[in-house]
Amino acid sequence: MPRQTSDRCARRPRARPMPPCTPLPTRRPPVTPEVRLPPIPGHTGRRRFAVGDAVVADALFATPNRVERLQIEITTGCNLACAGCQRTIGIAAGQWTNAVMKRAAFEKVIANAPPARVLVLQGIGEPTLHTDLEALIRVARATGKFEVISFNTNALLRSLDDYLALARAGLGHVSVSVDSFDPVTAELLRSGTDVVRLEAMVAGLVRLFPGMTLSIVLSRRNLGELEGLIAHVHRLGVRFVEVQPLISYADGSMPHCLDARDVAEARAILARAGRAHPGLVLMPAAALTPNGNRCRRPFRALYVTVDGFLTPCCTTNDVDLFGRTDLLNRSFAEAWAAEGPRRWLDAFFDRDDAICHGCAFNPAGPEIVRPDLATARAHQDGGRLPEAEAALRAVAADPTVVESLHRLGLILADKGDDHAGAALLEASVTLSDEPRWAHNTALILGRQGRLDESIARLRALLAARPDYVPTYRSLAARLDEAGDAVGAADVLSILVERALDSDAADALASGLEALLAGAALPRNLIFLANRLRMAGRQDDARRLLDRRLAVAPDDLEARFTRAIAALAVVHRDEAEIDTRRAAYARDLADVAERVAQASAAERAAAIGVVGAAKPFFLSYQGRDDRALQETYGTIVAALSQSRRVALPAPAPAPRLRIGFVTYYFTLHSVSKLFAGWMEHLDRAGFEVFGYNLSGGSDATSRRIAATCDRWHQEARSTEAWIDTIRADAPHVLIHLELGMSDVAIRLATHRLAPVQCQTWGHPVTSGLLDIDYFLSSDLMEPADGAAHYRETLVRLPNLSIAYAPLDTVGGRLRRSDVGLRSGATVYMCCQSLFKYRPSDDVALVRIAAAVPDSQFLFIAGDRRPPTVIFRERLASAFRAAGLDPDHHLVFAAPVPFENFHSLMEIADVYLDSIGWSGGNTTLEALAAHLPVVTLPTGLMRGRHSFAILTRMGLDEGIAADLDGYVAAAVGLADPGTRAAARARVAERLPRLYGDLEPVRALEAFFVEAVARAAAATTTADAPAPVGRSVDAA
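Okay, so the sequence shown: first residue is 1 according to UniProt numbering, each after it adds one.
Treat the hints with care, since some could be wrong.
Label-pair distances were calculated between CB atoms; the ranges are [claimed, not checked]: (1) 644 - 710: 22 to 28 Å; (2) 894 - 182: 22 to 28 Å; (3) 812 - 375: 54 to 60 Å; (4) 684 - 649: 21 to 27 Å; (5) 132 - 334: 26 to 32 Å; (6) 710 - 466: 40 to 46 Å; (7) 898 - 142: 56 to 62 Å; (8) 645 - 714: 19 to 25 Å; (9) 898 - 509: 34 to 40 Å; (10) 260 - 142: 46 to 52 Å; (11) 374 - 262: 15 to 21 Å; (12) 334 - 162: 33 to 39 Å; (13) 111 - 68: 19 to 25 Å.
Just so you know, the hints here were simulated from the structure itself, not pulled from any lab data. Remember, predicted model here, so these are calculated numbers, not experimental data. Beta carbons are placed, not taken as given, at the ideal position from N, Cα and C, and that holds for glycine.
Use the sequences and the hints to build the structure in full.
Okay, structure coming up:
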């Protein structure tokens, strides 16, 4: 078993374990289980001893001429990080140094040691790390003292040839630790395990060592795999399998350890395995087969640490138990007769030591129990403090029960015994990294008047354990007490942010209520409010902002953000859209009026809200947003006025400089749609500049960068980006989207080029004064499209893009991976949930009613408010029609990009979202040969799929109304109809790719627009042409 001694690090006895720091802390680490050899033929097994028998006592205490087992720890280094291992714990605590027993020391120990049936060269570490292992084996064999030389190994470091050399040197047996061949389970239990190599090594080692033992440490993590694991290793040729239970260091790890029911299940599994595999010898540890006898291992076995000290057994690392008795400088007879071993063995003879409680190798069974902490808890939690104190004092006699020290310390502190209470509290914090202990100790310090120290402790705990929620509330309360109300609010704001990140609804509600009840608001109020509204908690954002406006009604940042927060991510019904839209229009008009009346200084003070508060979700309501967007654009222009600079006239150049700006040059729908423009612009007449606002880099951005004449990527401030772009002096600046990126909106409020454009990367008018043109698709735009834009609409031919097919090589998904039935008709609905309006839910209900074995696949794996609202809304619509939503609706977690094509392939039909049509998503669905059903609306953002299908000549997928949409989708449930549709998609797919006609039209537009701007004006305040349409074809 793994052990450590006290010279090379801050070692503690097993009775005082180091703080657990892994998901599975154990009292006895599972890294290197005790080596158990197969039974020797003719050996009758362990003798039984009657406690108190004088003859037995004399036999036990006499210096043995020969021991059953000698275990020598030759190294404490290891190549794995196993859950619960003292080495893993020590490294995490910064209290571990690897040590190696030198050959000279080993020779001394071997010379002084008695003969033994088995010599085990292993302790807490991995023995094959020892560079002189072969030499140590030869030294041991040369003494002739040992029948068998063995060690336990994880089998991952050395080759089979190395083991053959070790066998020739004298190694007679190996035990291999295998808790699982499943990569996930193996990583949880023995981090760093290569299960493929491990399986191969087991198969090879069993051929070299036919008596090889395979050792399994059993926990709830791998109990379900036990039967299969035994069968697997038996097929590999293993004949001897040892199984021992995982033992917990502390109550907190008990959920991972076997309880009585699990032990019974393990016995049943072992019994079945024994019957199923007659040639297999199963060796369960004593704790799995208790017989009521006392353990006598310390009288029959020796355990030597890497420093040469003796310990009572393999389950403890406390060399002080034997009085630091060593085998380096004295014979075994002298060591056995020394005061330390005699004193401990005398006490152990008729009562178990604390190290025996719950030991995997103790045959006593349930008679040995841990102190009753539950009774002490019940007394203390029930307010019966005298009874609690008495119980805790009894429990605290076992220092492994760290909670007892802490609870007793709290009681003593409450009684006014600050010195004794503080000592116990500090001890509990030292012995365990349980955050409750550190938290309560800090609170006691505050109650004792040591407020600064209490605050410092709570800050340190928050940094170390940001997942422990009570610390936030306590630290905020202490800061309030110290007179720092804003600091308290800042702490609560961090709690709310982290709760948003982890989707912790209770912690989020707690933090928000505390913020609303506090004396001050956090310094990052606007940022926090924007985070809340983007997470679908827009009403919580407005509550916070209302508090601010109650004391500062002229705060333009708060008022503007509150107006934006009227918009919801997902709506329960169409009436909610009407209500929120009206509230937004009213609040936005109020902001516009206040901004118009504000001083230049007041506007400048609010410039930080530009970009941060943006009406992203407005456009998903399915209405014409031009008027509202123009109001928004006028507001942000006024707020940004103080930062505007004069636009220098571009210097004469042989080629026009075209700049492309976006936050989404990495793998994203924006980069997929518009990279073709940058690649195919004729370099004889144009230079291409790329401005990667995110600073991110991946294969997509690197490919795009390679097409540019100049590429800027490093993340920088808005001001720095303005300077960068002005220095390049582009003739035309194209924002590939305006509406998603904060930085892009801030840049778009400035005149950085004579001609400034946006594309349909976000297909709605920006409303910004400094954007001159909206570059769109002639096929996508309705006849009255120009009326929907503040910018001049430019209709590029066809789809407007030079689209390239995506690489579809990647992972392969099965329907069962995402909860789909193999025989169902699967309708893909993989757009963001806010693109599905309540009024269109009826289409899915009608399709489901007509296609009983249908499933609709949505991508939404979280439980945040927008997802919950959407799921409840859709489920209600299905139930109202007498349909079972669980039979039809499937919500899967997002898949990695490399699996997205495969996700499309397991569907049968792509149902386009109505009102906000799929662009890139539709193109990817078609690449998987999915038939597409779409219903175009009167706005360009509802007509992308219409344009794509029109370009392909697939009019049968285009519905004229909702009835036609349902009919087309239902018709495709027929396998023959669907197969024919898929064939037509495959045949006409090339029509979508490599279309350079839009690029040539774009070039012509650039020349004309630059000439027009030069003829008009080059001043920074030149008005942009608005409300017109240009046919770039």
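Status of each hint after checking the structure:
1. 644 - 710: 22 to 28 Å: About 25 Å separates the Cβ atoms of residue 644 and residue 710, which means 22 to 28 Å holds.
2. 894 - 182: 22 to 28 Å: 24 Å, holds
3. 812 - 375: 54 to 60 Å: 56 Å, holds
4. 684 - 649: 21 to 27 Å: 24 Å, holds
5. 132 - 334: 26 to 32 Å: Distance hint for residue 132, residue 334 holds at roughly 27 Å.
6. 710 - 466: 40 to 46 Å: 42 Å, holds
7. 898 - 142: 56 to 62 Å: At roughly 58 Å between Cβ atoms, residue 142 and residue 898 fall inside 56 to 62 Å, so the hint holds.
8. 645 - 714: 19 to 25 Å: For residue 714 against residue 645, whose Cβ atoms are near 22 Å apart, the range 19 to 25 Å holds.
9. 898 - 509: 34 to 40 Å: 37 Å, holds
10. 260 - 142: 46 to 52 Å: Given about 49 Å between the Cβ atoms, the range holds.
11. 374 - 262: 15 to 21 Å: Roughly 19 Å apart at Cβ, these two residues keep to the hinted range, so it holds.
12. 334 - 162: 33 to 39 Å: Since residue 334 and residue 162 have Cβ atoms about 37 Å apart, the given range 33 to 39 Å holds.
13. 111 - 68: 19 to 25 Å: 20 Å, holds
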